[in-house]
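Protein chains: 2
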Amino acid sequence: MIQRLCVIGVGLIGGSIACGTRAAGEVGSVVGVDADAANLRAALDSGVIDCAYDNVAEGAADCDLVVIATPVGAIESVLKALRPVWSDSAVYTDVGSTKGNVIAAAERVFGAVPPNFVPGHPIAGAERSGVGAAKRDLYAGKRVILTPLPETRPAAVDAVETLWRCLGARVSHMAPGHHDEVLAATSHLPHVLAFALTAMLGRKDEQDEIFQYAAGGFRDFTRIASSDPAMWRDICLANSGEIVALLELFRAHLEIVESHIKHRSADELFALFTEARDARQRFLDQLEK
Amino acid sequence: MIQRLCVIGVGLIGGSIACGTRAAGEVGSVVGVDADAANLRAALDSGVIDCAYDNVAEGAADCDLVVIATPVGAIESVLKALRPVWSDSAVYTDVGSTKGNVIAAAERVFGAVPPNFVPGHPIAGAERSGVGAAKRDLYAGKRVILTPLPETRPAAVDAVETLWRCLGARVSHMAPGHHDEVLAATSHLPHVLAFALTAMLGRKDEQDEIFQYAAGGFRDFTRIASSDPAMWRDICLANSGEIVALLELFRAHLEIVESHIKHRSADELFALFTEARDARQRFLDQLEK
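First to last, the protein sequences are chains A and B. Per my numbering, the very first residue in the first sequence carries number 1; after that it's consecutive. Per my numbering, the very first residue in the second sequence carries number 1001; after that it's consecutive.
Next up, chain A with everything else stripped away, as it sits in the complex (with noise of 0.2 Å):
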């Protein structure tokens, strides 16, 4: 049982946090720190944190488990923020969607990662943001993944998977790298390629009127390009690297493709077709597990 929680950015994920946790009968009091006044005041009316804060060494003090909530590009300046008050008897943990900066930001503002501070990020979210999207089942059935480091301290990963486990995810262990490199292929370059494409093709429509052609299929492929532009431009520079490489895999792959269209090759089309439709049905199957 947590007994004062504090959630930093009570957003669409820090506010499911704290109703989950809240539902679980598994924290006494929580605690909420945001620096947008109004989003704060919307989550203490409606009783997602007991109390509210718009500093946050202030919030996280005395608290046993802080979770940084805020968008990826914020994560250093709470962890600068946190330091004066940084206490050893509590536990720390985030849920940016990137790993590898995460910890290069807590190596930069204290010399080494501190072995109470857990890095994690839990897969789930949607183009919604804002305390008023939070929802107590957010994470039902999620993934969410820790990457401790060899010297956190196995206490410190305890308490933040009893956290998860309480609000129904599945709790998987990775390398910071390896987590990038999944993350990349999985949702970052899916994101890339979903805003690079209607940007393109707004400025297609504007001149040609293409939109009031397009069906439930380009709904559903362009979903993602209506997600926050802040958030993903931050997530591409925390994970420039692995992106990049993606994109220049993909780009070539994508010639490919092209250059079998160009010269008619039909059974190299039907393989490649062939070969993304099962592959997306193995993807299906494991969802549904």
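Take the hints with a grain of salt, since some may be wrong.
To be verified - In silico EDC-like links for lysine to aspartate or glutamate, alpha-carbon gap of 20 Å or less:
id, chain 1, residue 1, chain 2, residue 2
1, B, 1262, A, 181
2, B, 1080, B, 1064
3, A, 204, B, 1255
4, B, 1204, A, 181
5, A, 142, A, 285
6, B, 1142, B, 1285
7, B, 1135, B, 1228
8, A, 204, B, 1248
9, B, 1135, B, 1045
10, B, 1204, A, 255
11, B, 1080, B, 1107
12, B, 1262, A, 248
13, B, 1204, A, 278
14, A, 204, B, 1275
15, A, 262, B, 1181
16, A, 135, A, 50
17, B, 1142, B, 1026
18, B, 1142, A, 209
19, A, 135, A, 45
20, B, 1080, B, 1054
21, A, 204, B, 1278
22, B, 1142, A, 220
23, A, 142, B, 1220
24, A, 80, A, 107
25, B, 1204, A, 248
26, A, 142, B, 1255
27, B, 1080, B, 1036
28, A, 204, B, 1036
29, B, 1204, A, 50
30, B, 1204, A, 58
31, A, 204, B, 1181
32, A, 80, A, 58
33, A, 80, A, 62
34, A, 262, B, 1248
Rather than coming from a laboratory, the hints here were simulated on the basis of the structure.
Following the hints, put chain B in place on chain A, whose structure we already have.
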């Protein structure tokens, strides 16, 4: 009112035309033609069609409206089979996803496109196929593009428009070349990207087990990669010029995005992602109209 409707290819698209016209009370009897005996039997048993033929010429004889609802790659051979029984008093149309190649096929078969042939394309469909997936309201509120030529008989165009309107569809006219350009952008390019990405990541999954960490965004983005490989091979070959041109444009566009990420151009990334999100909102606003 159609006296005798012939649907050649009683799958999702053709079967839904048969169900929908019957439900609207706009058809006397429906003749179904299909090369797949099991599918044809299912269409007959479920009452989607009134009589069944495996031979195009026999099925289409004495019908006043003939809809070619086969895959794009089969349309030329269907036109060849229809030629000996082609009736000047009947109206013919198709539902192919590409139009330039259908018109070229008609020119090859007949010397010139017959004035009672109206090329068309309903923008509806799904990953599912076969008559079992057919439903009477598949076209309700959907767009249908007709691409009549200057020599197409106005009465023939009217008959095909009436068919689609009784199914609840919204009918537009377009030049065939413009149709193929628009659909390359909003449908063909997204499908090729989804197939290419899913195949590429499928190989990575076999090595690194990445799919188990993919979530809802990935599921939606790759949904169209579950589409029928043979159908999409045929579409890529039928509209290769437009698709290749857009693939080239997209690869160049992607190279710029890659360069922004590599050079940490935060403002450019934010502007591009914002442009994409705004463009998608324009698309959504139109979809709801």
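Are there hints from earlier that the structure breaks, and if so, what are their numbers? Result: hints 26, 28, 29 and 30 break, sorted rising.
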